[in-house]
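Peer 1: If you're matching them up, the sequences are chains A and B in order. Residue numbering for the first sequence follows the UniProt record's numbering, starting at 1 and increasing by one per position. Residue numbering for the second sequence follows the UniProt record's numbering, starting at 1 and increasing by one per position.
Since the hints were made in silico from the structure, they are not lab data. From the three backbone atoms N, C-alpha and C, an ideal C-beta is built for every residue, glycine too. Just so you know, not all the hints are guaranteed correct.
To be verified - Label pairs and their in silico Cβ distance ranges:
no., chain 1, residue 1, chain 2, residue 2, range
1, B, D229, A, G276, 19 to 27 angstroms
2, A, M191, B, D229, 48 to 56 angstroms
3, B, N227, A, G276, 45 to 53 angstroms
4, B, K184, A, K283, 50 to 58 angstroms
5, A, K174, B, R233, 28 to 36 angstroms
6, B, N124, A, G276, 53 to 61 angstroms
7, B, D186, A, G276, 48 to 56 angstroms
8, A, D81, B, D186, 26 to 34 angstroms
9, B, K155, A, V64, 47 to 55 angstroms
10, B, T122, A, G116, 15 to 23 angstroms
11, B, K155, A, K80, 27 to 35 angstroms
Below are the chains, spelled out letter by letter.
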Amino acid sequence: MNLNVDIGIKISNPFILASGILDENGYTMKRILENGAAAVVTKSIGTSERQGYNPPIIYENDPVFLNAVGLSNPGIDNFKDEVKIALESGRPVIGSIFGKDAPEFSELAKKMESYGVSAIELNLSCPHVNGYGMEVGSDPDLVYEIVSEVKSRVKIPVFSKLSPNTSNILEEAKAAEKSDALVLINTLKGMEIDIASKKPVLSNVYGGLSGKCIKPVGIRYVYEVKKETGKTVIGVGGIENVNDAIEYIMAGASAVQIGTAIYRHGIKIFNELNSGLIEYMDKNGISNINDMIGVAIA
Amino acid sequence: MNHSIVYSNVRINESTHSLRFFMESPVHPGQFIMIWAPGIGEIPISFSSVNNPVEITVKIYGEPSKYIANLMPGEKIFYRGPYGRPFTGVTGKKLIIGAGTGIAPLMPLVDNMTSAILSAKTKNDLIFTDRIKNLYVVTDDGTLGIKGFAVDALKQMDINEFDMIYVCGPEIMMKSVYDYLLNKTDRVEFSLERPMKCGIGICDSCSINGIQVCRDGPVFSIKDLKNMDEFGRTRLSFSGKRIYL
Ligand SMILES: Cc1cc2nc3c(=O)[nH]c(=O)nc-3n(C[C@H](O)[C@H](O)[C@H](O)COP(=O)(O)O)c2cc1C
Ligand code: FES
C-alpha cells in the first residue's frame, strides 16, 4: 500500500500538523513528528519578537473554536534552535512565515531555508499594512509580488496559504500561481459575545474560526481551486477524523493539515488517522493514495 | 464561558485573596481553571479547596489577578474548566512541599495525616499556616522558621515516613527537591507552573519536552520528570522565545 504523496516535497503519509498549533517549541514538533505526522508546519514566524494578544486568545464552545493569538512569535533569529530540535526527528519541517511585504517575506524565507526546513509556507492571512482588518491575501498584486520574490530567492518549495477572508479566492490562487502548492484554508474571521458579561469573548474582539464548523468551507475552496487551477493543493480546516481527511483528498487535496482537532483528540490523532486511512484503503481495494486525489471533481 | 456567583472573598495577606464560589462540575486536587476578567485578561488559577463552594487563592501581580481578587460576594466570576490531570490521592501519611503561591494547590490534599514544608521569601508571604498541624516553615530571609529553602527542611526529615510527597512552587525550587529525592523514592508528584495561554493543549506555551503541562499535567510523577530534560532548565516565554532558567 502506498501512502506517500508529493507536495513539492515527498512525504510518507498525507497528514501534516497545521501552523499555529503545538509548533512553537522544538520538542513538541519533534514529538508530533515521532508520533505519526509526516511533516509539521511551524508557527508563523516574523522578523522580530512579538508578544501577541493578551489572553483570552482562544474560545471554545463546541462546535465553535475561535482564536486570536496575534502572531506571537520569538522572531526568526530566536527560532533557529527550535527548528534544529524538531529536525532531530529526521522528518520534514515546513517553515511558516509572515511579513508585511515581499522583501520581508524573502528575508524570512532565506533564514528558514538556512535552518534546514524542507519547504516554506507563506501565511497570507497576516494583516495588510493598509490596516482596516484587511489581510495580505486580499491584495492579489501584493500576493503575486511576494510569491515571485520568495520563489526567486530560495531553492526549496514554496507553499502559499490562502486567506478565505477575501471576496475572490480564485483571484488570490491565481496570484499565487508560482507557488509549488496552495494551502487552503486559514481561519475565517468571526467573533462571539458573552451575554452575561456583555463583552466579546476574545481580548482582540475579532478572531479566527477553525475546527469542524469550517470544514464545508474548506472542502469547497479546495474543490474549486483544484478544479480551476489544477495546482497541488493541501487541505486544512476542521479535519477531526479519517473520513474528513478522505473528503478533502477526494476534493483535490494531495495532503491535509490538522490543527484544532488536537484539542479534542490529542497528539495521538496522527497515528489514528494513519491507521484509519490504511483500513479505509484496504476495505475499498485502493493500493495507492494518489488514486484518490480529486476523484470527486466533476 | 461559564460563570458563577462569588460566595465569599477573604483577604489572607497583603496581596492575596481566597474566593469561594459554587461549581457544577466536580473538581479534583491539582486541577485548575482559566478565570476570565472580561475586557482585561484571563489567567490560570488552581484550587485551594475542591469542595463546594470551591476555593481559589489569587495573589495580585497584574491587572487580571487584581480584578479577580477584588470580586465581591454576589458578583459574577467567569471561568472555563476545570482542566488538567489531578494529584494521585493516597490514604496514608503525606508530605506537602509548597513555596509561594505554589502552596495553594496543595491545600486540598491536607488532612490530619499530612505534614507540610511551607516556604516563602519572607514571613508576610506565607499563607495557610493555620490550616496545617505538622508544619515546617522556611523563609528565604529567616523572618520565620528555618532560614533557607524548602529543600533544606526536607533534608532534615525521614522521607521513608511518607506514603506520598507532593511538591508545588517555582520550577527552580521544585528542581532542587527533585534532585534531592531522585533515586531515594518514586512516590513523589510535582505540579508544574509554566506560562499558560490556552489551557487546553493547543498553543504550546506551557510545553515541556513535547508534553503539554495544561493537558497532560500539571501534575507529573518524579518518574515522568526523569524523561523531561527541559525541567528546571528551559522553557518558552510568552512570545515563544526560549529562556534558560
Ligand atoms: C490557535 C491557532 C493558531 C493558529 N496560528 C496560525 C498561524 O500562526 N499561522 C497560520 O498560517 N495559521 C494559523 N492557524 C490556522 C490553522 O493553521 C488552520 O489553517 C485553521 O485552524 C484551520 O484548520 P483546523 O480546523 O484543523 O484548525 C491557527 C489556528 C489556531 C486554532
Ligand atoms: S497552555 Fe496552551 S498548550 Fe498548554
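Peer 1: Each of the hints needs a verdict: does it hold here or not?
Peer 2: Structure-based check of each hint:
Range check, B:D229 to A:G276: about 33 angstroms between beta-carbon atoms, so the 19 to 27 angstroms window is missed. Taking 48 to 56 angstroms as the suggested C-beta distance range, the pair A:M191 and B:D229 does not conform, at roughly 41 angstroms. The beta-carbon spacing between B:N227 and A:G276, approximately 29 angstroms, falls outside the hinted interval of 45 to 53 angstroms. Taking 50 to 58 angstroms as the suggested C-beta distance range, the pair B:K184 and A:K283 conforms, at roughly 54 angstroms.
At about 49 angstroms, the CB distance of A:K174 to B:R233 disagrees with the hint of 28 to 36 angstroms. With their beta carbons about 58 angstroms apart, B:N124 and A:G276 fall inside the hinted range of 53 to 61 angstroms. The hint said 48 to 56 angstroms for the Cβ distance between B:D186 and A:G276, and at roughly 37 angstroms that hint is violated. For A:D81 and B:D186, the hinted distance range of 26 to 34 angstroms is satisfied, since their beta carbons lie about 33 angstroms from each other.
Restraint check, B:K155 to A:V64: a C-beta distance of roughly 52 angstroms satisfies the suggested window 47 to 55 angstroms. B:T122 and A:G116 have their C-beta atoms about 49 angstroms apart, which leaves the hinted 15 to 23 angstroms range violated. One distance hint, 27 to 35 angstroms for the beta-carbon pair B:K155 and A:K80, is violated here, with the actual separation near 41 angstroms.
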